[in-house]
Amino acid sequence: SQKIEQNSEALNIQEGKTATLTCNYTNYSPAYLQWYRQDPGRGPVFLLLIRENEKEKRKERLKVTFDTTLKQSLFHITASQPADSATYLCALDDNTDKLIFGTGTRLQVFP
Amino acid sequence: KAGVTQTPRYLIKTRGQQVTLSCSPISGHRSVSWYQQTPGQGLQFLFEYFSETQRNKGNFPGRFSGRQFSNSRSEMNVSTLELGDSALYLCASSLTEGRDTGELFFGEGSRLTVL
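Which chain is which? The protein sequence lines are A and B, in order. Residues in the first sequence are numbered from 27 upward in steps of one, following my numbering. Residues in the second sequence are numbered from 529 upward in steps of one, following my numbering.
There could be a bad hint or two in this list.
[What the hints assert, rightly or not] Think about it this way: if two alpha-carbon atoms lie no more than 27 Å apart in a straight line, the pair counts; the simulated BS3-like pairs of lysine-lysine are: (1) A:Lys-29 x A:Lys-89; (2) B:Lys-541 x A:Lys-29; (3) A:Lys-97 x B:Lys-585; (4) A:Lys-81 x A:Lys-124.
[Unchecked claim] One-sided excerpt, in silico: chain B residues whose CB lies under 7 Å from chain A: (5) Leu-571; (6) Gly-612; (7) Leu-618.
[Said to hold, decoys possible] From the derived model, a few chain A residues whose C-beta atoms are all more than 12 Å from chain B: (8) Ile-39; (9) Thr-46; (10) Val-135.
Since the hints were made in silico from the structure, they are not lab data. A virtual CB, placed ideally from N, CA and C, is assigned to each residue, including glycine.
All chains should be modelled from the sequences, with the hints used to inform the complete structure.
Okay, here's the thing in structure tokens:
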């Protein structure tokens, strides 16, 4: 069956450290993968998109990698800040023009 | 530029009733997608509309329906509400359709509670 897996347990890290979130997928061959941030009670906000022919994408303190062999994407936040605390969602296209989301990982950055 | 607007933000219904939720996309966006978000299941795709046509549909029963108007505004309707329909319903708009969807712009959602 098709699955997108993100660590359901919260990730707690200290301010200034690098946070690394994982997104694994099974039985999909996405043309691209996206990452979103969601704060409590708010809609998700787009962060980054990475295509299947791209290994890595960066935007300010954010970095995303995409390994189609491992069927995995890693999302990194360097020099993390308490304001980065939120739930992070990965999403991919399922080859039928739908964007499918993982359940998200909650990141907590403490001072 | 105004963002995606969803109304109402909160509503409470009882089992068996029906509900209509509204979504106004960003000006110029012709694609509107709807998602249901619950704590256990995450975001589940409901349907996508582009130029008043339903392009895609998720695995939800026929009680869930939607439509899109010529001005790209969209509505979704849930009939014969069940307790399990309690969720945050999110609408998202994008410039293009399909595999070149690019980023989705989400509204703040409509929080539905079914008693």
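Do the alpha carbons of A:Lys-97 and B:Lys-585 lie within 27 Å of each other, as the hint requires?
Between A:Lys-97 and B:Lys-585 the Cα gap is close to 25 Å, so the pair holds against 27 Å.
Hey, does the B:Leu-571 contact hint survive, CB to chain A under 7 Å?
Hint holds; B:Leu-571 Cβ to chain A Cβ min 4 Å, cut 7 Å.
No chain B beta carbon within 12 Å of A:Ile-39's
Given a closest Cβ separation of 22 Å, the condition holds.
For A:Lys-81 and A:Lys-124, compute the direct alpha-carbon distance and say whether it is at most 27 Å.
holds, 23 Å
Hint validity - B:Gly-612 Cβ closer than 7 Å to any chain A Cβ:
Nearest chain A Cβ about 17 Å off; hint violated.
Interface-negative label, A:Thr-46 against chain B, beta-carbon threshold 12 Å:
The assertion about A:Thr-46 holds, with a minimum of 20 Å to chain B.
Are A:Lys-29 and A:Lys-89 close enough, with their CA atoms no more than 27 Å apart?
Cα-Cα ~23 Å, so holds.
Hint validity - B:Leu-618 Cβ closer than 7 Å to any chain A Cβ
Hint holds; B:Leu-618 Cβ to chain A Cβ min 5 Å, cut 7 Å.
So A:Val-135 supposedly isn't at the interface. Is its beta-carbon more than 12 Å from every beta-carbon in chain B?
Its Cβ never comes within 12 Å of chain B, the nearest being 22 Å, so this holds.
Given the hint that B:Lys-541 pairs with A:Lys-29, test it: the Cα-Cα distance must not exceed 27 Å.
violated, 32 Å
Checked against the numbered hints given earlier, this structure breaks hints 2 and 6; the rest are met.
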